[in-house]
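*Asks:* Residue numbers (the working numbering), protein chains in the order written: chain V, 1 to 295; chain A, 1001 to 1427.
Keep in mind that the hints are not guaranteed to be accurate.
Below, a list of computed lysine-lysine pairs in the PhoX-like style, where the Cα atoms sit at most 20 Å apart [unchecked claim]:
(1) A:Lys1158 <-> V:Lys59
(2) A:Lys1223 <-> A:Lys1201
(3) V:Lys63 <-> A:Lys1201
Hints were generated in silico from the structure; no laboratory data involved.
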Amino acid sequence: MGIGLEPGTQSSTREELRAEGDDLPVTVIEPRSGWQIIDFRELWRARELLMFLIWRDIKIRYKQTAIGAAWAILQPLAMVAGLTFALGRIAGEANAAVPYWLFVLTGMLPWLLFTGSVTQAAMSVVNNQQLVTKVYFPRLLLPLSAVGLAVIDFLVGCVVLAIGLPIAGVTPTAQILLAPLAMAVLLATALGLGLGLSALTVRYRDFRVILPLVIQLGMFLTPGIFLQSAKFGPLGEAILLANPVQGAVVNFRAAVLGLPPDWLALAIAAAEATVLLVVGAAYFRRVEKGFADVI
Amino acid sequence: MTTAIRIHGLSKRYRLGSSVRAPHHTLAETVSYALRSAFRRRESTASAESDFWALSDVSFDVTPGEVVGIVGRNGAGKSTLLKVLSRIVEPTAGRIEVRGRMGSLLEVGTGFHPELSGRENIFLNGSILGMSRREIERKFDEIVAFSEVERFLDTPVKRYSSGMYVRLAFAVAAHLEPEILIVDEVLAVGDAQFQRKCLGKMRDVAGHGRTVLFVSHNMTAVKALCTRCVCLAGGKVIADADPDTAIRRHLADLTDASAATQDLRGHPRRKPGSDAIMTDVTLTDESGTATSLLRMGQGLGVRIAFDGGGRNLRPVLGIVVKDQYGAALFGNNNRVVPGFHYENISAGVITCSVPRVPLMPGGYMLDLYFGNDADDVDIIYDAIGFEVVADDVYGSGKIPPAACGPIWVPATWSLENAGVGDAPSHG
């Protein structure tokens, strides 16, 4: 069936190819069904692309803006200023150890990391429709890059925190080493939700509408951002314990300010985060093969 | 014998009318969609008649170094095959084994971002296409030189002309150097000189023992580049042979009358917001026989049936003939034509007759504009395609040379003041 290439000229090329042919990776394309495990090797090979996607989003966000990356600092500052103005008098009194604005800042930074990760990850596949329908790459990179972008915003916000701590006269203790753990729990929660939501949004654009609403309500369900949990009573405490974001936020603050950590809340949050991450990733992997057909 | 690509029993099914097709952008749409879909999805899963097999039981092997053309009329399954091969969509059944890195160029500028500069897009696009950062850095100068946009490297590509954009995009893609290159014809855009450069690059790739799959409506390019050609029709392989044989089979498929009629009611390329007034289009030759294959210099008839659903129209029809790269070649409409003036018409068939189609051999597409007096009410892009084949238009036993643009204008020639030479003439 093959049509003859000129035998004389091509044979040497053929030989070379056959000689190196054994090194060439063989890709098998066939229908997969059911649950897929995550191909970490493939993800690792695509790490550069992940970096490029994050880099692209940073570049694009600040193109044609007057103050550029300063927005990453202004956003948490504005939230902190607003909350301090609204609640400083009421909520601040009981918490004399640190100024209320610092209390809110240490809650707001992880909260913005969480909301940034979830909302951007949820839209990541739909927003990259043009890529998804035109070229293959591990689809997981899209929500991952969205989370990566939020992490960079968070790190910029931490600069504000690093300036704020000495101003408030707070010196971090060795307990600050707990902060990355709390953030890991938070990120796992956000990524798990983001993965699930990004896959759902491909099929049901409803989530585009629902998500901002839920995120806004979520702030009231995570009062640890701006209130001391001691004020909620036993029932309220129990309810808040079930919120992994609350657990992560409270422990991030404890780590940074040297307050006693809430180990129980952190353990529960970690368990929930693990479940969310596994379920989110599994669902994403299950439906990603249909993205280009459905999107 | 090693194979570069082994395709076995490949099938791909699409569910038509599936509730998830249409995009939803507004809250109202979203909510009403959510309400409806709760019921609709249960229905559509069961109905087999809404299944559409874009590919059914496709099998063929490609040996390393082959340049295989893939031809077929629109909807034959070419794009689906490419999408499955490049792992964008998953097959419903069957298996493909691909040996080596595969680069697919389904559309130029995939992942290009308008806000980013040319330089930034080279890196982003290269990475998306599968190049490593070091690879891109190594080839950067070559890519820039090939694209001819040196002076604008730090300008956002949204300020590029479309030609510059395409050149840069192709330049990145052309330097991918995969073992297997999948090329869609959209690559061959740009001016003639750049097209030659692109084709040269493809020959280069093939010359280095790499495998190329080339999808095109341009039979001249297929003949020139390919060592073998696969023709698809209705999702099946109907020919797998040398380019000449496969192209003949393809042209025979095009002459099939069913290709000459297109239902327009659910046309995917209808401009959003149009009233679906045009119901179907039929192409004919000058004798009125339905066909989508014309010989050079033949007449073309475009018959459009329309139904305004009770509206009283002053029907105006415009057609635009475009080449396979989407460039408009010529158009006509009856608004300015004397003698075509009808009022209070609600339905009918309008025929546009072009007495002599001034086109060179190749594939062409038609855009249709249906107007009510001066308002465009129904616009369909790429409504239907047709093919022009070479013919002995001068009756000289010779075929006019290709490669001097898509338009053919007949001319007569004369010689005056001829000085006859002294040398005895031959024969």
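*Asks:* Could you work out which earlier hints the structure fails to respect and list their numbers in ascending sequence?
*Replies:* Structure breaks hint 3 only.
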